[in-house]
Amino acid sequence: MKHNLQFDFITDKAKNTLTIRREFLADQQLVWDCYTKSELLNQWFAPKPLTTKTKSMDFREGGHWHYAMIDPNGTEYWGLTEYLKIEPIDFYTALDAFTNAEREINKDLPRAEWLVTFSEKDGNALVETVVTYKSLADLETVIQMGMEQGMISTLEKLDELLLTIKK
Amino acid sequence: MNSMRRDIFQAIADPTRRAIIALVAVHAMTPSALAEHFDTTRQGISKHLKILTECQLVKQEHQGREIYYQLEIDKMKEIDNWLEQFRKIWETRFQQLDDLLLTIKKK
Chain A
1 MKHNLQFDFI
11 TDKAKNTLTI
21 RREFLADQQL
31 VWDCYTKSEL
41 LNQWFAPKPL
51 TTKTKSMDFR
61 EGGHWHYAMI
71 DPNGTEYWGL
81 TEYLKIEPID
91 FYTALDAFTN
101 AEREINKDLP
111 RAEWLVTFSE
121 KDGNALVETV
131 VTYKSLADLE
141 TVIQMGMEQG
151 MISTLEKLDE
161 LLLTIKK
Chain B
1 MNSMRRDIFQ
11 AIADPTRRAI
21 IALVAVHAMT
31 PSALAEHFDT
41 TRQGISKHLK
51 ILTECQLVKQ
61 EHQGREIYYQ
71 LEIDKMKEID
81 NWLEQFRKIW
91 ETRFQQLDDL
101 LLTIKKK
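Going down the list, the sequences are from chains A and B. What the first sequence shows, in this note's numbering, is residues 1 to 167, in sequence order. What the second sequence shows, in this note's numbering, is residues 1 to 107, in sequence order.
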């Protein structure tokens, strides 16, 4: 069954923000759980072919999620989400960071602020994520990291493969 | 190549340079004509144009004694291509969440 779920991806190069809106075929509570419980985040957060592993999760204001995205070769890329404000099941704000396995923040890499808002839309859940970077150069660095972690190149390869198959 | 890409993003991070890009996108302009749109000196504009030229976001065209600046459309597209890559990451991530939601609901 094919659904036309809303998906907006808007970059504001003047404000250095990324606004991502996505609709899900589930109620708000369930989608909130998928975003805020580590056992559920582990099952979707890292884009294929990477997988997610949680080292520690303490979902409360001032708490954090420390996790790794693992590529097929077993290389671990560590990330941290520090929760600032939480209003279940409507929104949370957080600061992200690149870290190591010991949760030490890599100060050379950019940090961004996240505002994730959940709402109801015709019985479905709508999630709006606004990521604010300090500069466009920071956003570029994050995209570059995605390349290095094999998230993007693999997707490109998949696109190429699909194109070949269709021909 | 990486440092070059980084420069492009830094180049367009400046509000004056973004305004210059917007102006030369409409039609080619000389530095003096551009300066009329800003509160900065001609030298200030020239400095911005130098950075934009180095990043190949604008190109020079000599017409008689005047130098006109115009937009390098391909370079601007390159930036959008980068953002498009980022969009794909999110698409994949959300498809995985769709699958997970479906699995949970079936239980």
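If you are wondering where the hints come from, they were derived from the structure by calculation, not from laboratory data. Every value quoted in this text rests on a predicted model; they were computed, and no experiment measured them. Cβ atoms here follow ideal geometry from the backbone N, Cα and C, with glycine treated the same way. Just so you know, not all the hints are guaranteed correct.
Stated by the list, open to error - The following label-pair restraints were derived from C-beta to C-beta distances:
(1) B:GLU61 / A:ASN4: 38 to 48 Å
(2) B:THR16 / A:PHE9: 24 to 34 Å
(3) A:GLU76 / B:ARG42: 52 to 62 Å
(4) B:ALA33 / A:LYS48: 21 to 31 Å
(5) A:THR75 / B:ASP39: 26 to 36 Å
(6) B:GLU78 / A:THR75: 42 to 52 Å
(7) B:ASP80 / A:GLU76: 42 to 52 Å
(8) A:GLU113 / B:ILE73: 52 to 62 Å
Here's how the hints hold up against the structure:
no.: 1; hint: B:GLU61 / A:ASN4: 38 to 48 Å; result: 46 Å, holds
no.: 2; hint: B:THR16 / A:PHE9: 24 to 34 Å; result: 27 Å, holds
no.: 3; hint: A:GLU76 / B:ARG42: 52 to 62 Å; result: 53 Å, holds
no.: 4; hint: B:ALA33 / A:LYS48: 21 to 31 Å; result: 51 Å, violated
no.: 5; hint: A:THR75 / B:ASP39: 26 to 36 Å; result: 50 Å, violated
no.: 6; hint: B:GLU78 / A:THR75: 42 to 52 Å; result: 28 Å, violated
no.: 7; hint: B:ASP80 / A:GLU76: 42 to 52 Å; result: 31 Å, violated
no.: 8; hint: A:GLU113 / B:ILE73: 52 to 62 Å; result: 33 Å, violated
Of the numbered hints stated above, those contradicted by the structure are hints 4, 5, 6, 7, 8, listed in ascending order.
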